[in-house]
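Trainee: Sequence:
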Amino acid sequence: MKKGKFAGEEEAGTRYWISAPYFCDFCFMFYDIIVVYINGGVKMKIKLLGTAAFEGIPALFCRCDICQESRKLGGKNIRMRSSALVDNKIGLDFTNDTLAHIHNYNLDFSVLEHLFIGHSHSDHFNYYDLEAKLKWYTNEGNPVLNVYGNKVSIEMLSSYLEKFGDISPYMKLHVLEPFTQTKVEDYTVTALPATHITDFPEEKALVYVIERNGKRIFYGLDSGWYYDETWEYLKTIHLDCMVLDCTNGFAEGGTSNHMSFKENVNVVKKLTEAGSLNASSKIVSTHFSHNGKVVYDRHCEEFAGQGIIMSYDGIEIEV
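Note that the numbering used here has the sequence shown beginning at 271, numbered continuously upward.
Be aware that a few hints might be false.
[Claimed, not checked] Calculated pairs, DSSO-like style, for lysine-lysine (alpha carbon to alpha carbon, straight line, at most 30 Å):
| hint | residue 1 | residue 2 |
| --- | --- | --- |
| 1 | Lys359 | Lys421 |
| 2 | Lys421 | Lys505 |
| 3 | Lys505 | Lys346 |
| 4 | Lys342 | Lys403 |
| 5 | Lys405 | Lys453 |
| 6 | Lys532 | Lys342 |
| 7 | Lys315 | Lys453 |
| 8 | Lys317 | Lys532 |
| 9 | Lys313 | Lys540 |
| 10 | Lys453 | Lys421 |
| 11 | Lys313 | Lys346 |
| 12 | Lys359 | Lys453 |
| 13 | Lys505 | Lys552 |
| 14 | Lys442 | Lys474 |
| 15 | Lys563 | Lys532 |
| 16 | Lys539 | Lys563 |
| 17 | Lys342 | Lys563 |
| 18 | Lys474 | Lys433 |
| 19 | Lys453 | Lys532 |
| 20 | Lys342 | Lys313 |
| 21 | Lys315 | Lys442 |
| 22 | Lys403 | Lys563 |
| 23 | Lys359 | Lys563 |
| 24 | Lys405 | Lys359 |
| 25 | Lys315 | Lys433 |
| 26 | Lys552 | Lys453 |
| 27 | Lys403 | Lys539 |
| 28 | Lys359 | Lys505 |
| 29 | Lys313 | Lys433 |
| 30 | Lys403 | Lys552 |
| 31 | Lys346 | Lys359 |
| 32 | Lys453 | Lys317 |
| 33 | Lys540 | Lys433 |
[What the hints assert, rightly or not] Pair by pair, the computed Cβ-Cβ distance ranges are:
| hint | residue 1 | residue 2 | range |
| --- | --- | --- | --- |
| 34 | Pro471 | Asp436 | 30 to 40 Å |
| 35 | Tyr430 | Gln576 | 37 to 47 Å |
| 36 | Phe449 | Ser550 | 19 to 29 Å |
| 37 | Leu369 | Phe470 | 25 to 35 Å |
| 38 | Gly435 | Glu339 | 41 to 51 Å |
| 39 | Asp378 | Trp495 | 34 to 44 Å |
| 40 | Glu339 | Pro471 | 32 to 42 Å |
Hints were generated in silico from the structure; no laboratory data involved. Here a beta-carbon is modelled for each residue, glycine too, at the ideal position from N, C-alpha and C.
Can you make the complete structure from the sequences, with help from the hints?
Mentor: Structure follows, in structure tokens:
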């Protein structure tokens, strides 16, 4: 057992590194190294800026029953398009609503240095607005923004920004392949294959695991039931928080591009049996569509009954 001071904090406390075994119902054992902090432990926080699918709730041009009810109820029933922020340091997706989030939550993206994109769909990658990072629209002296994503997404952004010349003083672009691990300060971000089809047959949509000091958050938006290789990776790690796509909500059938509430429950069951989730893990459903027939005020308790947090715009989860 090792102990020592926290990196970057003079008197934060003592940390203990413990090799802890996890057992599953199938009687196999694997080991994961977890960190238990005493007297000032470092935690990780994810803020869900928006929690809707592409069309938002209420949707742009819709008067369906769900949109009408959500509009009437207001509050947590109103949803913008999905993106997230981890510890105010790592952005996850960049949507058409990002500027509204900056205003609503008093965020300062001028200091954001790392942005991870899942895929090229516009509700996850509004690359046009990244032009605002360039010299004509911002003050000098801000840090460079590193944008990470699959080959298709990064090529789209690169092609759009080409007309502006050298962007390196303001932005750096990074292509990620599935299972790429990226070091961001004291974080490790692992890209995993998502089950999601786009307009580009060659595109490899991504979901992410963000790790810091032994804590892990899975951000799994825009994915149906995972590929075998994604399942195999998830079974080898412990997850403190799992943010799941729930686009299809209570709708029957759905598509392989997204998950439903029922599939969220099955994901939790599968990974609990594997030992990757336990009673302390926080499970969050998000990326809701009006087609999924969900309304926060009516359904949050039903989600809670399955041990799942039904998200709303601005929710913060700490692990």
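Trainee: Verify the proposed pairing of lysine 540 with lysine 433, using a straight-line Cα cut of 30 Å.
Mentor: With Cα atoms ~48 Å apart, lysine 540 and lysine 433 exceed 30 Å; violated.
Trainee: Between proline 471 and aspartate 436, does the beta-carbon spacing fit 30 to 40 Å?
Mentor: Hint holds: Cβ distance 32 Å, inside 30 to 40 Å.
Trainee: Lysine 403 and lysine 563: Cα distance at most 30 Å?
Mentor: violated, 37 Å
Trainee: Can the restraint linking lysine 313 and lysine 540 be considered satisfied, given a maximum Cα separation of 30 Å?
Mentor: Roughly 26 Å between the alpha carbons, so the hint for lysine 313 and lysine 540 holds.
Trainee: Run the distance test for lysine 342 versus lysine 403: straight-line Cα separation, threshold 30 Å.
Mentor: The given pair, whose Cα atoms are some 37 Å apart, is violated under the 30 Å limit.
Trainee: For the pair we were handed, lysine 342 and lysine 313, check the Cα-Cα distance against 30 Å.
Mentor: Status violated; Cα separation ~37 Å.
Trainee: Taken at face value, is the distance from the CA of lysine 453 to the CA of lysine 315 at most 30 Å?
Mentor: holds, 18 Å
Trainee: Under the criterion that the straight-line Cα-Cα distance not exceed 30 Å, is the pair lysine 403, lysine 552 satisfied?
Mentor: violated, 34 Å
Trainee: For the pair supplied as a hint, lysine 359 and lysine 453, is the alpha-carbon distance within the 30 Å limit?
Mentor: holds, 13 Å
Trainee: Sort out whether lysine 552 lies within 30 Å of lysine 505, counting only the CA atoms.
Mentor: holds, 16 Å
Trainee: Starting from lysine 453, check that the Cα of lysine 317 is at most 30 Å away, please.
Mentor: Holds: lysine 453 and lysine 317 sit about 21 Å apart, inside 30 Å.
Trainee: Holds or violated: lysine 532 and lysine 342, Cα atoms, limit 30 Å.
Mentor: holds, 27 Å
Violation of the numbered hints given earlier is confined to hints 3, 4, 19, 20, 22, 23, 25, 27, 29, 30, 33; the remaining hints are satisfied by the structure.
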